[in-house]
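Chemist: Respectively, the protein sequence lines represent chains A and B. The numbering used here puts the first residue of the first sequence at 1, with every later residue one more than the last. The numbering used here puts the first residue of the second sequence at 281, with every later residue one more than the last.
If you are wondering where the hints come from, they were derived from the structure by calculation, not from laboratory data. There's no promise every hint is true.
[What the hints assert, rightly or not] Covered stretches of chain A, as calculated for chain B (at least 3 residues, CB under 8 Å):
| # | segment |
| --- | --- |
| 1 | 35 to 43 |
| 2 | 73 to 79 |
| 3 | 105 to 112 |
| 4 | 235 to 246 |
Keep in mind that this is a model prediction, so the values were computed, not measured. A virtual CB, placed ideally from N, CA and C, is assigned to each residue, including glycine.
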Amino acid sequence: MAEQHTTMLSLRGLTRRFGGLTAVDAIDLDLARGELISIIGPNGAGKTTLFNLVTGLDRPDAGIVRFEGQDITGFSPERLAAAGIARTFQLGRVFGNLSVMDNVLIGAHTRLRAVKPAVPLIGPLLELGLALLRPASVKAEEERLREEVKVILARFGERLLPRIDQPAYSLSYANRRRVEIARALALKPRLLLLDEPTAGMNPTETAEMQGLVAELKAEGLTILLIEHKLEMVMRLSDRVIVMDEGKKIAEGPGEAVRKDPKVIEAYLGHGLTKEQESAA
Amino acid sequence: MSSWLDYTINGLIVGNVYALVAVGLALIFGVSRLINFAQGSIYLVGAYIGWVAVVQLHTPLPVTIIVVAVASALVGLIIERFGLRPLQNSVRIAPLLATIGISFVLDQLVMLTVSPNPRALPSQLPDIRFQIGGGTIGPLDLLIAGVGLASALLLFVFLRYSKLGWAVRATAQDRDAAMQMGVDVNRVNQAVFGIAAALGGVSGLLVGMYYNQIDTAMSLQATLKGVVAEVVGGAGNVPGAVIGSLLLGLVESYGVAVFGTSYRNLFAFLLLVVVLVLRPNGLFASARQAPPEPLTGTFIAPSRPVRIPRWALLVAAGLFAVLPFFPVSFYVLQTLINAWLLGMLALSLTLVAGTIGQVSLGHAALLAIGAYTSALLSLTFSAPVGLAIIGGGLMSAALGTALISPSFRLRGHYVSIATLAIGEIVSLVILNWESVTRGPIGISGIPPLSLFGYELISPISIYWFSFIVMVVLALLQGRLLGSHLGRSFRAIRDDDVAARAYGLSLNRYKSLAFIFGGFAAGVSGGIAAHLYSYINHETFNTQQSILALTVVILGGLGNVVGAILGAVALVGLPEVFRIAAEYRILIYGIVLLLLVRFRPQGLLGTI
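Assemble the whole structure, with the sequences as input and the hints as a guide.
Modeler: Structure representation (C-alpha cells):
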C-alpha cells in the first residue's frame with residue numbers, strides 16, 4: 001500500500017445537508033503529498049461547505065475525513081490547526097483591529113511554545129503567568145516569530161511590508177487577502193486550503209497571486225484550491241475536481257475536465273447565475 | 281390540591297403579562313436583530329401613565345387602556361426615531377448600548393417627575409372571586425387573559441392580512457431582500473416599535489393593577505422577564521415568545537409555591553441560563569441549526585487609539601501620587617478613592633468587554649463575590665484584611681469564570697443577556713443563602729482596611745492604598761495586552777471563527793480573560809467591603825454594571841488608560857459640577873447615548 005503513505009488528505013462519502021438541500025453529496029477525494037488539486041464549479045456547488053467540513057468549522061452528516069491516515073472527522077478547528085491544516089476564507093476574515101504583523105502572528109499561534117506548558121488543568125494558568133512574567137525564552141521566541149513574519153511578508157514584495165503596523169481594516173481588499181495567505185503560511189501548514197485567493201483582484205494582482213501559489217507548490221506544499229479563474233486553475237493544478245449541486249461531476253487533468261460534456265452543461269446551465277453572483 | 285390550581289392560574293396570568301412584553305421584544309428582534317433593553321422602561325411609563333389616568337383623571341377602564349396604549353406607542357416611536365434610527369449604519373453593538381442608555385434615561389425621568397416611592401394603582405374592576413374547581417379567579421385575571429388573547433389575535437391579523445404586516449414579516453425574514461423589493465424598512469421599524477411599546481405599556485398597567493402597586497424598580501425586572509421569555513421561546517419567534525412567557529409564568533409560580541417568594545426570580549434566570557446553554561436558539565428551533573449571529577463581524581468600531589506618551593502617563597501618575605501632600609480637602613480624596621475603585625472595575629470590564637469582546641452586563645456580580653469573600657474571610661476566619669482582599673480577588677476570578685463558562689459558546693447579544701442573568705443569579709443566591717451570606721440582613725461590622733497590622737483609617741492612607749492597587753492592576757493588564765495573549769484576545773473579539781481556524785481555543789482564552797478580569801473586579805469589591813463596613817445583596821447592583829460599561833465605552837473599549845480616565849471623569853465631573861445625586865444616573869444614561877451616537881470608539885479609541 002505505497003499509496004497510503006503518500007496520501008495526505010482523503011475524503012470518503014462526505015455529506016452535509018441543510019434542511020432539504022444536500023450541500024455536499026457523498027464526495028470522495030484523495031490528495032497526495034505535494035499535490036495541488038483545484039475544486040471548481042458554479043457558485044452554490046458546495047465548494048466552501050466542503051472546506052468547512054475539512055477544517056472542522058462544520059460537521060458532516062456522513063462520511064469520513066482522513067488526514068495522514070488519521071480519522072479527523074468532526075475534530076474541532078483548533079485541533080486541526082494544530083495538526084497543520086491552514087485555510088483562507090472566501091470572503092476574507094482578517095482581524096480588522098489587529099495590525100498586519102499581529103494578524104500574521106496569530107497564524108503562528110499553534111507553534112508558540114509559550115502557549116502550551118504541557119501541564120493539565122493549570123496549563124492555561126501557566127500560560128497567563130508566562131505572558132505576564134515574560135522570561136527571556138518567551139521574549140526570544142516572540143522575536144524569532146516576528147522575524148519570520150517579515151520573511152513571509154517579503155513574499156508579497158512591497159505590498160504588505162510597508163504597512164506592517166497598520167490595522168488590517170485600513171488595507172485594500174487585495175491586501176487583506178494577502179494578509180490571510182500570509183497568516184496561513186505562518187502556521188507552517190502541511191495542508192493549505194485556499195478559498196478563491198484571487199477573488200476581487202485585477203489581472204496584475206491575479207498573476208502575482210498565481211506566481212505565489214506556483215512558488216508554494218514548487219516548495220512542496222500540499223494545496224487544495226477553490227478558484228473561479230480557469231486559466232489559473234489549468235496552469236497550477238495537478239488534477240481538477242468539478243462540483244455541481246454538491247456532487248462531484250468530473251475529476252481529472254485540467255484539459256480533460258474542461259472538455260467533459262457534463263462540466264460544460266453544469267457551467268452553461270448555471271452560466272447566468274454565476275455571472276450575476278461574481279459581479280455582485 | 282386546590283392551591284395548585286391557584287398557582288397554575290396565577291402562573292398563566294403572570295405569563296400572559298410577560299407575553300405582552302416578550303411579544304414586543306420578539307417583533308423588534310425579528311426585524312432589527314436587536315434586543316430592546318428599553319422595553320421594561322416603556323412598561324414602567326405605561327404603568328405611570330395608567331396611574332395618572334386612573335387616580336388623577338378618573339378615566340373609565342377602556343379609556344385607561346387606550347390612553348396607555350397610545351401614549352406608550354408614542355414613546356416607542358420617539359425611541360425608534362431619535363434613539364435608534366440614527367444608528368442604522370453604525371457598529372452593531374451601538375443599538376444595544378443605546379437601548380440601555382434610553383432605559384436609564386426613561387427610568388430616571390419617571391423617578392424624577394413622580395417619585396421613587398411606590399404608588400398604589402387601584403384596579404377599576406369589582407373585587408369579587410369566582411370559584412372554579414378548587415381555585416378562584418377574579419375579574420382582573422379575566423381581563424388580563426382577555427387583553428392577552430385579544431392582542432395576540434390582533435397581532436396575528438395584522439401580520440397575516442395587512443400590507444404593513446407582510447412588510448414586517450418580509451423584513452424579519454430577509455432585511456436586504458425586503459429593502460430591494462421596495463419595503464420601507466423605516467416604516468416597518470416604526471410599526472414594530474409602536475406595537476411593541478403599546479403592548480409593553482398596557483402590560484405595565486395590568487401588572488400595576490394586579491399587584492395594586494407600581495414603583496420605578498419594575499422596569500429592569502420587566503425587561504429581564506421579557507428577555508427570558510423571548511429567548512426561551514426563540515429570539516424573534518412571536519408565537520414562541522407567548523409560549524415561553526406562559527412557561528416562565530408557570531415555572532415561577534410553582535417555584536414560589538415550593539420554595540417561597542424570594543426564589544421567584546432565581547427560577548426565571550436559571551431557566552434562561554439552562555435554555556441559553558442547551559438550546560441557544562430557543563425551545564422550538566432545531567438544535568443543529570446554526571445559531572443566529574446578531575452581533576458578529578464588525579462588532580467594535582474600528583479606530584486608531586490615541587497614543588499617550590509614556591512620560592505623560594508617568595507625570596499624571598506622579599501628580600495623583602503626591603496629591604495628598606497638597607492642601608486638598610478630604611472630599612476630593614474621597615471622590616478620587618471612589619474613582620480608583622470604579623477604575624479597577626472598569627479595568628476588568630474593559631478587558632472582558634473590550635479586549636475579548638464579551639459585553640458583560642452583570643459585572644457588579646464580580647464585585648459582590650469579591651466583597652462577600654473578603655468580608656467573610658476577615659470576619660469568620662480573622663484573616664488579615666490584605667490577604668482577605670486577595671482572597672476576594674481569587675474567588676471572584678475562580679467563581680466568576682466558572683459561572684460564566686457555560687455562556688462561552690454564545691455570541692453577541694446573547695453574551696450580554698447571559699451575563700445579566702448570571703449577575704442577577706449571584707445577587708439572588710446571596711439573598712437566599714442565609715447560612716453563609718446572612719441573607720437580607722447583610723454583613724455588618726466588616727473590619728476596616730489594614731496592611732501588615734496597621735489600620736488604614738485616614739483618607740490619605742486609603743487614597744494611596746487604592747491608588748497603588750489600581751496602578752499595579754493597570755500595569756499588569758498593560759503587560760498582558762502586550763503579550764501573545766493580548767493579541768489572541770483581540771483576534772477572538774474581531775473574528776472568532778477565523779481565530780478558531782488558527783488554533784485559538786475560545787474556552788481557554790475567554791476563561792483567561794475572565795480570570796484576570798475577575799481578579800481585578802474582586803479586589804475592587806473586597807476593598808469596597810472594608811471601606812463601607814456594611815454590605816448586602818443590593819450593594820453591588822445592575823446600575824454599577826452599567827456605570828462601569830459607560831466608563832469603558834467613554835475611555836475606549838480595551839483601553840487601559842481610557843478605563844481609568846473614564847472612571848475619573850464619570851466620578852469626578854458630577855462632583856465638580858455639584859450635580860445632585862438623583863440626577864447622576866440620568867446623566868450617565870445621557871452620556872452613554874451621546875457616546876454611542878457621536879463617538880462610539882470613546883475618548884482614547886479601541887485597542
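Chemist: Evaluate each hint against the coordinates.
Modeler: To see whether the hints hold, each was checked on the structure:
Counting residues of the segment 35 to 43 of chain A whose C-beta sits closer than 8 Å to any C-beta of chain B gives 0, which falls short of three, so the coverage hint is violated. With 3 residues carrying a beta carbon less than 8 Å from a beta carbon of chain B, the segment 73 to 79 of chain A meets the three-residue requirement, and the given coverage holds. Using a Cβ-Cβ cut-off of 8 Å, 6 residues of the segment 105 to 112 of chain A lie near chain B, which meets the minimum of three, so the contact claim holds. With a cut-off of 8 Å between beta carbons, the segment 235 to 246 of chain A has 0 residues touching chain B; three or more are needed, and the interface restraint is violated.
The structure shown violates the earlier hints numbered 1, 4.
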